[in-house]
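Colleague: Chains A and B, in that order, are what the protein sequence lines are.
Each residue of the first sequence is one higher than the last, beginning at 175 in this note's numbering.
Each residue of the second sequence is one higher than the last, beginning at 155 in this note's numbering.
Hints were generated in silico from the structure; no laboratory data involved.
From a predicted model like this one, the values you see are computed outputs, not experimental measurements.
Hints may contain errors.
Just the calculated beta-carbon pair ranges, DEER-fashion [as the list claims (entries may be wrong)]:
1) A:S183 - B:A258: 30 to 36 Å
2) B:A258 - A:T248: 34 to 40 Å
3) A:K213 - B:Q219: 29 to 35 Å
4) B:T211 - A:P254: 43 to 49 Å
Lysine-lysine pairs mimicking DSSO-like chemistry, simulated, CA-CA at most 27 Å apart [as the list claims (entries may be wrong)]:
5) B:K167 - A:K219
6) B:K213 - B:K173
7) B:K177 - A:K219
8) A:K277 - B:K173
9) B:K217 - B:K173
10) B:K217 - B:K167
Even glycine gets a Cβ: it sits at the ideal position worked out from N, Cα and C.
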Amino acid sequence: DIQMTQSPSSLSASVGDRVTITCRASQGISNSLAWYQQKPGKAPKVLLYAASRLESGVPSRFSGSGSGTDYSLTISSLQPEDFATYYCQQYYSTPYTFGQGTKLEIK
Amino acid sequence: QVQLVQSGAEMKKPGSSVKVSCKASGGSFSDYIISWVRQAPGQGPEWMGGIIPFFGTAKYAQKFQGRVTITADGATSTAYMELSSLRSEDTAVYYCARRAEGSAAEYFQHWGQGTLVTVSS
């Protein structure tokens, strides 16, 4: 199984800050990576796929980059609605696996 | 627009089984993998397995092999996930999910609302 390691596990930031979350795969996944945002009591919502492609309707302040085993999600200017938990997911091979999450909290 | 609607919350005893349903509407049901993903309290999501309704063949994560059965009924556009030999660690929200219509990439654009399964004596 491909292990996905996210960091940090939690992050405190202020509205307007730029933040970056990283995700490392235990083997190369050829950009087969998605990022999700999850709010309490809700299903995850996809933000980006193929490492850097923005899902339709997602604000452009979200961006993704990376290749091989190392990927990152950047939020350029935090908005109040962005405080949530973020997960990466590899879909390169089954079993599809998720990172353990990064909880983004208001400072 | 694809919609996935799941059955309601369940309370189960250890050792019993649970069967959760996921009814799809909009889009093509038979041609896309329906996956089941669970999320224990405070944990990240975990993929359990999936099925392509057209073929009726399911694939499971090794962790759940032998305990989970995923099926699909094309006539009603409904997928099912049955988990047996339940233990307290199976307490989680169970989601069905699938990729976007027309996409070849198996990330999850569409999600059910989730079904809370609580296992307790």
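Colleague: State for each hint whether it applies.
Modeller: Checked hints:
1. The supplied range of 30 to 36 Å is met by A:S183 and B:A258, whose beta-carbon atoms lie about 32 Å from each other.
2. Evaluation of the 34 to 40 Å hint for B:A258 and A:T248 yields a failure: the beta carbon distance comes to about 26 Å.
3. Checked against the hint of 29 to 35 Å, the pair A:K213 and B:Q219 passes, with Cβ atoms roughly 32 Å apart.
4. Checked against the hint of 43 to 49 Å, the C-beta distance between B:T211 and A:P254 comes to roughly 45 Å, which is consistent with it.
5. Taken as a hint, the B:K167 and A:K219 pair is broken in the structure, with Cα atoms around 32 Å apart against an allowance of 27 Å.
6. Note on B:K213 and B:K173: the hinted pairing holds, with a Cα-Cα distance of about 17 Å set against a maximum of 27 Å.
7. Simply put, B:K177 and A:K219 have alpha-carbon atoms about 19 Å apart, close enough for the 27 Å limit, and the pair holds.
8. A threshold of 27 Å between alpha carbons decides the hint, and for A:K277 with B:K173 the separation of about 31 Å lies outside it, so the pair is violated.
9. A hinted pair counts as satisfied when its Cα atoms are at most 27 Å apart, and B:K217 with B:K173 qualifies at roughly 18 Å.
10. Only pairs whose Cα atoms come within 27 Å are accepted, and B:K217 paired with B:K167 is accepted, the gap being roughly 21 Å.
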